[in-house]
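Peer 1: Between the sequences and the hints, there should be enough to build the whole structure, so can you do that?
Number of protein chains: 2
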Amino acid sequence: MPLSTIYQSIQEDLVKVEDELRSVSEVDFSWLAKLLGYSLKGGGKRIRPALTLLAGKFYNYNLSCLLPMATAVELLHTATLVHDDAIDKSLVRRGRPTINRLWGEDKAVLLGDYLFAKAGEFAADTQNLRVIKLFGQTLMAISSGELNQSFSAFNLEQTRQHYFQRISSKTASLFSLATDSGAILSQAPEESVEILKGYGYNLGIAFQIVDDILDFIGTEKEMGKPIGSDLAQGTLTLPAMLLMERYPDDNPVKRLFHNEEKPKNIELAIELVRDSSIVQDCYRVASDYCSKACHNLNLLPDNASRQALMELANYVVSRKR
Amino acid sequence: MPLSTIYQSIQEDLVKVEDELRSVSEVDFSWLAKLLGYSLKGGGKRIRPALTLLAGKFYNYNLSCLLPMATAVELLHTATLVHDDAIDKSLVRRGRPTINRLWGEDKAVLLGDYLFAKAGEFAADTQNLRVIKLFGQTLMAISSGELNQSFSAFNLEQTRQHYFQRISSKTASLFSLATDSGAILSQAPEESVEILKGYGYNLGIAFQIVDDILDFIGTEKEMGKPIGSDLAQGTLTLPAMLLMERYPDDNPVKRLFHNEEKPKNIELAIELVRDSSIVQDCYRVASDYCSKACHNLNLLPDNASRQALMELANYVVSRKR
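Chains as they are written, first to last, in the working numbering: chain A, 6 to 326; chain B, 6 to 326.
Careful, some of the hints might be misleading.
Unchecked claim - Derived, one-sided and incomplete: chain A residues facing chain B with beta-carbon distance under 10 Å:
hint : residue
1    : ALA91
2    : ASP93
3    : LEU96
4    : ARG99
5    : GLY100
6    : ALA128
7    : ILE137
8    : PHE159
To be verified - DSBU-like cross-link-like pairs, simulated, lysine-lysine; straight-line CA separation at most 30 Å:
hint : chain 1 : residue 1 : chain 2 : residue 2
9    : A       : LYS230    : A       : LYS39
10   : A       : LYS230    : A       : LYS46
11   : A       : LYS269    : A       : LYS325
12   : A       : LYS226    : A       : LYS138
13   : B       : LYS230    : A       : LYS138
14   : A       : LYS39     : B       : LYS39
15   : A       : LYS94     : B       : LYS267
16   : A       : LYS138    : A       : LYS297
17   : B       : LYS226    : A       : LYS138
18   : B       : LYS269    : B       : LYS226
19   : B       : LYS50     : B       : LYS325
20   : A       : LYS269    : A       : LYS259
21   : B       : LYS50     : A       : LYS94
22   : A       : LYS267    : B       : LYS94
23   : B       : LYS230    : B       : LYS267
24   : A       : LYS138    : B       : LYS259
25   : A       : LYS94     : B       : LYS230
26   : A       : LYS39     : B       : LYS94
27   : A       : LYS50     : B       : LYS297
28   : A       : LYS46     : B       : LYS269
29   : A       : LYS94     : B       : LYS297
30   : B       : LYS297    : B       : LYS94
31   : A       : LYS259    : B       : LYS39
32   : B       : LYS269    : B       : LYS297
33   : A       : LYS138    : B       : LYS46
34   : A       : LYS230    : B       : LYS297
35   : B       : LYS138    : B       : LYS259
36   : B       : LYS138    : A       : LYS21
37   : A       : LYS21     : A       : LYS325
38   : B       : LYS230    : B       : LYS94
39   : A       : LYS39     : B       : LYS230
40   : B       : LYS325    : A       : LYS138
Hints in this document: simulated from the structure, not taken from any laboratory. Since we're looking at a predicted model, the values are computed, not measured. Virtual Cβ for every residue (Gly too), placed ideally from N, Cα, C.
Peer 2: This is the structure:
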């Protein structure tokens with residue numbers, strides 16, 4: 006099912022999120038306006054703001070605070086992408102040159118800072134102290150997860166526990182913020198807040214696992230960025246870990262992490278993963294997290310949003326980009 | 006008068022700010038703990054948290070919100086320094102190697118992000134929505150000021166208006182946040198909030214002008230970083246502007262901005278500024294801002310803090326580092 010169908014019940018309000026995002030680049034300082042416009046231009050799947058709106062649909066759907074929060078989570082996401090690309094010196098994102106490629110890493114760092122602040126301002130517009138606090142904690146989790154990833158680059162001594170810890174901080178925390186805040190802002194009872202928060206968290210884990218699979222089996226055209234970039238950055242993801250487990254003595258991941266013939270070994274690793282059951286095994290793990298995400302949804306009121314959240318979980322494991 | 010004497014009335018609570026800053030590095034993830042500990046280790050003048058505490062002394066001095074806010078402004082300041090150093094590829098700060106030099110620019114960017122988030126969390130601990138909102142707006146002002154500086158690097162077509170706009174965003178905004186928030190959190194009447202906010206703003210402008218002077222007349226030992234670094238980065242500060250005005254046809258600033266013999270022309274520019282009345286003229290501008298800062302302080306209750314704010318203004322123009 007395409008995202009547009011899944012988003013149907015919140016489509017109108019997602020358009021308002023786009024309007025808010027567009028308004029962010031309406032600033033006097035023309036260079037800043039240009040950079041903001043470029044970084045916020047469509048192309049993203051807008052899953053995170055959709056999650057906030059969907060999670061807000063079960064009780065008191067109050068757009069005056071859900072709209073700024075949905076905008077805040079998308080801005081926070083964009084800010085982390087801008088910084089990630091600068092750090093990784095990535096050249097392409099969503100099929101377009103990155104900010105750091107066009108304007109330099111220094112501008113990308115400062116633009117990201119501005120976006121973090123703007124996201125914080127939108128979060129503050131909810132006027133909800135609990136949500137504001139969660140917002141700050143999420144940014145802490147994300148940057149600490151990214152630092153963790155950066156410090157463990159090209160380190161082969163990593164367990165699955167490390168992997169799950171890392172993706173929990175760097176990805177699931179923001180998915181969890183999206184649904185958690187939507188629930189809180191709609192004055193959901195605490196049990197429902199927990200269910201929706203857990204949904205976001207588990208969906209986020211599944212989403213990242215699929216991202217990591219697609220870095221092996223996707224195409225550059227679909228993904229909008231080069232394949233194999235995790236390996237190139239020295240990031241050990243689940244497919245690479247499974248490959249290491251299957252070929253413990255000698256394998257291309259080990260070799261390239263020891264800095265031997267990088268491009269060739271990346272290609273070999275991709276081939277090995279594609280030609281094995283590793284992909285299937287990883288998808289099974291992702292599916293399990295999706296099931297876990299949906300497990301308690303039936304305790305929530307039965308409405309179009311509940312259905313949408315179920316379908317979104319299916320989408321996450323079947324997506325091609 | 007040394008800072009320790011000026012800080013006397015808030016000395017005890019500044020120690021508590023140090024304790025809070027120390028607690029920030031108590032995290033499980035050992036690399037993060039190390040980076041946080043290093044970046045927050047003393048050596049700074051702690052002017053910004055002192056301003057928050059002093060501004061809070063005129064009405065209802067409520068440490069339970071002033072302490073987190075004072076900590077927040079110092080963390081925000083530290084975060085911007087960490088990012089600035091990464092962007093400028095600076096090697097030394099406060100006489101010590103920078104984070105980017107020791108651990109790389111990527112780690113510095115992520116550490117800065119974490120510090121921004123932690124600062125935001127402390128700001129949220131004030132539970133004051135107005136202050137939280139101001140906090141976000143200040144980070145927006147700072148990063149937009151830094152972006153402005155970055156985009157105008159090596160551009161000779163800059164007026165004083167540009168200069169004041171830039172230092173207003175990148176420095177005065179944080180000084181202004183420090184006093185503004187202290188006043189708001191102590192439930193000062195609006196006129197007093199305005200007076201204290203104006204004090205912080207004007208003091209911040211004066212502080213930055215003196216910083217820009219010291220980059221010409223200081224010593225590397227006193228400053229803890231190389232002299233002439235603004236020129237090396239292509240940042241046109243007030244002393245450099247005055248030099249351009251005095252020697253409009255040909256001068257070392259013009260030459261080095263045209264990328265001719267950089268080190269030699271930086272040295273020449275420093276010599277020319279030192280041997281002229283430019284230093285004195287810039288100090289006069291800074292002093293005027295300090296006078297402006299103090300102008301309305303006598304409308305506030307007469308107490309030790311009022312005296313301290315006056316003395317701090319004197320300190321700012323007489324400091325050597």
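Peer 1: What are the numbers of the hints the structure violates, in ascending order?
Peer 2: Violated: hints 3, 4, 5, 8, 12, 13, 14, 17, 21, 24, 27, 28, 29, 30, 32, 34, 35, 39 and 40.
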